[in-house]
Amino acid sequence: MTALHPAAARRRLTGWGRTAPVVSEVAGVRTPDDVVALLSSDAPARGLLPRGLGRSYGDAAQNAGGLVLDMTGCDRVLTVDADGGFVRVEAGVDLDRLTRVLLPLGLWLPVVPGTRQVTVGGAIAADVHGKNHHVSGSFGDHVIDLDLVTPDGKLHTLTPDGPDAQLFWATVGGMGLTGVVVRATLACIRAETSYAVVETERCRDLDQLLERLAEGDDPSLPYSVAWFDAMARGSRLGRAVLTRGRLATLDDLPAKLARHPVRLPSTAGPSFPVVPGGLVNRASGLAFNELWFRKAPSRPTTGVHGIGAFFQPLDGVRDWNRVYGPRGFCQYQFVVPFAEVDAFRRAVRLIARSGRPSCLNVLKRMGPTNRGLISFPAPGWTLAVDLPVGPGLDELFRDLDDLVLAAGGRVYLAKDARMPEGHLERMYPRLEEFRAVRAAVDPDGILVSDLSRRLLDRP
Amino acid sequence: MIDATGRPRSLLLLGGTSDIALAVAEAYAARTPGLRVTLAARPSARRDQASHRLEAAGCTVRPVDLEARSAESHEAAVRAAAEGGDVDVAVVAYGLLGDNERSWTDVAAGVELAEVNYVGPVAAGIALGALVRQQGHGVVVALSSVAGERPRRSNFVYGSTKAGFDAFYTGLGEALREHGGHVLVVRPGFVRSKMTEGLDPAPLATDPQSVAAAVLGAVDARKEQVWVPGTMRPVMSVLRHLPRPVFRRLPI
Ligand SMILES: Cc1cc2nc3c(=O)[nH]c(=O)nc-3n(C[C@H](O)[C@H](O)[C@H](O)COP(=O)(O)OP(=O)(O)OC[C@H]3O[C@@H](n4cnc5c(N)ncnc54)[C@H](O)[C@@H]3O)c2cc1C
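Taken in sequence, the protein lines are chains A and B. So the first sequence is residues 1 to 459, counted in my numbering. So the second sequence is residues 1 to 252, counted in my numbering.
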């Protein structure tokens, strides 16, 4: 590969799951003008793609043999309007930085995923959801406007209801395939403190958990998620720890905390060491699941937690993805309609029966879809499991795919690293509209990712 | 690209009628329904049979012509394979065993062996290397032989070609690493196949299916060398270090 861009360097890239490494030319981008310049010059033979912090698990943010724009240097916070409650940023700003800027001003983001180590561009491109999806929708629902550079080098300002609404909603959830987001204005919520009031309860099995979740959501506790034991079988199948919360007000804080109501989450702590072969196996997986379940109080309790601990418990350990060893791991996340609770049960059983170690297993209810053409969130039950790559994993995934397809559900592209061709069409009913937008803004197929080669671009 | 669970979408078989190449394709086809296979070989009834066999395994097969002794033919075959999308795994599988006594006494016979087993594969490797550098990924499976590790009196001409082949592909793996390439050098012992029909199986003989299984396992683990059967590795390690007078007297 010859250098595609003077400032580009050859780099090996993977997603967060550390599977399927490829080599690309990576060009660091510092300003929106850099992006315009890059997209106005001759397109590289294997196309180009924006990349944020690489927290998507699979191959969404890599482009083998092509050019990758590293957006993390395009990271200025441009304006914060504390009264109006919005913030304007460049797309490479990450949510950790943004949290540190906003909280002291009494503001926070309405939607945050399970890690703050994602860029605004990545959060828009995957239309990420948080624990409050059923109440607040996904990231794209709070984007007031965004600046997109399309493959012809033109800069467009898009709004959700403006003349280019279709391009806006193709970009939200569009996995970087409609252009490069360079700036965005985001609506914020008020946050008096950096704490959350959290109710924690155990559920002895899947039935009890589903029952508790089906009772409906307590509107006063907009954040809710369940961790479940993906290894326990038999009568303990699907035992879980359910947490629900809300942002704490000053009045919620005990006197000691109230003196400093805004304490920023600590920056990433120790880095995870490289362990040849990895640490997660059946025995350690079982032990972890047992421990996590036992750690939760046996009776429902309410407490005040720092938002970091509640929303992003893993951000404290850097590089924790190394725990799975050299072959990496996959996260499988799907959503099926509420009516398909049986499919959901069968999926949990399939995962538990497979005997594969999985530690980070979350389950929650999702609310309505938005207008994102290929956004993931849809009303129903969603489940995510992390599984180390090993023999036979593919068969488990195929069985899960079949279940999800039969139930009219879908798999989350930001997590996917292996779905076969042909499924996407059946999962995302608006895929053809998305394809049409792409064909219009990118007739020469310049924006390419390994994910798009695998699932979208017909050879 | 080979996906996270080890499934390629497309294969290129150079020497597509080789039993081992076909077994590798069948093993991958079991993982990837509808696997695309470019089958490069001399046009022949054998190539047609090979196509049918892979179609029966669910593959979409495209035959292209390959003449092992022509350098241009390799480039053309690799280019043809890349037309329909990326080549995820290329298998360099063709080779001739030859008749050792003829091969070291008859120029034409010796040179043919050298061309088919070494010169051709170098041309193939160069074309594949260019493709991998362009793609930013790609696996090359190079079928070498334990015969190249220490040449024996009974098959040293074949052994010498495989020694060259083995060294070339081992080095190619180093060169392609920074470009996202992965080269696996496979060193089988005696494989019961068309190539060895009529010969007495040597100790630790194996079959194409076992070689294929070992290849898939090694590609998954991103290994760069694999012996088949695995016990060949320590055996060869001992054989390589035996003093020549002892080695000469071994009944192998
Ligand atoms: C521990 C952990 C927890 C997570 N929890 C959640 C969760 O709760 N909910 C959830 O929804 N997701 C979750 N995720 C997934 C993560 O939020 C998304 O994958 C997100 O897209 C990652 O952002 P990134 O900046 O790392 O983007 P990358 O992974 O680098 O890129 C992701 C996609 O965005 C595109 N992209 C990046 N920047 C731009 C840009 N400027 N313009 C256009 N396209 C761009 C890329 O091309 C790619 O397709 C989690 C991930 C981890 C590792």
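Keep in mind the hints are simulated off the structure, nothing from the lab. Among the hints, a few may not be true.
[To be verified] Examples of chain B residues lying across from chain A (beta carbon under 8 Å, computed): (1) 5; (2) 26; (3) 134; (4) 155.
Each residue gets a CB set at the ideal place from its N, CA and C atoms; glycine is no exception.
Against the earlier hints, flag every one the structure doesn't satisfy and list their numbers going up. Hints 2, 4 are the ones this structure does not satisfy, whereas the remaining hints hold.
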